[in-house]
Amino acid sequence: MAFILLSNIFTCFSNYFHFYFLFQLIFNVFESTFKIKIKKMAYSAI
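Residues in the sequence shown are numbered from 1 upward in steps of one, following the working numbering.
Quick caveat, the hints were computed from the structure, so don't treat them as lab data. Keep in mind that a hint or two might mislead.
Cβ pair distances, simulated, as ranges [to be verified]:
id	residue 1	residue 2	range
1	T11	F34	31 to 41 Å
2	Q24	A45	24 to 34 Å
3	F27	L5	26 to 36 Å
4	I4	M41	30 to 40 Å
The structure presented is a predicted model; accordingly, all values stated were derived computationally and were not measured. All C-beta atoms in this analysis are idealised placements derived from N, C-alpha and C, irrespective of residue type, glycine included.
Just need the whole structure built from these sequences, with the hints factored in.
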């Protein structure tokens, strides 16, 4: 019983960490492209 509960908690944590890692990855890509777009806009505005 305790083992099943433990494995469920572990699965929950691993899913959360995978989701968090994926979110961080997407956020990093979005941030870098966003910065590039801002730089391009800034250069075109000058």
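Here is how each hint holds up against the structure:
{"no.": "1", "hint": "T11 x F34: 31 to 41 Å", "verdict": "34 Å, holds"}
{"no.": "2", "hint": "Q24 x A45: 24 to 34 Å", "verdict": "31 Å, holds"}
{"no.": "3", "hint": "F27 x L5: 26 to 36 Å", "verdict": "33 Å, holds"}
{"no.": "4", "hint": "I4 x M41: 30 to 40 Å", "verdict": "54 Å, violated"}
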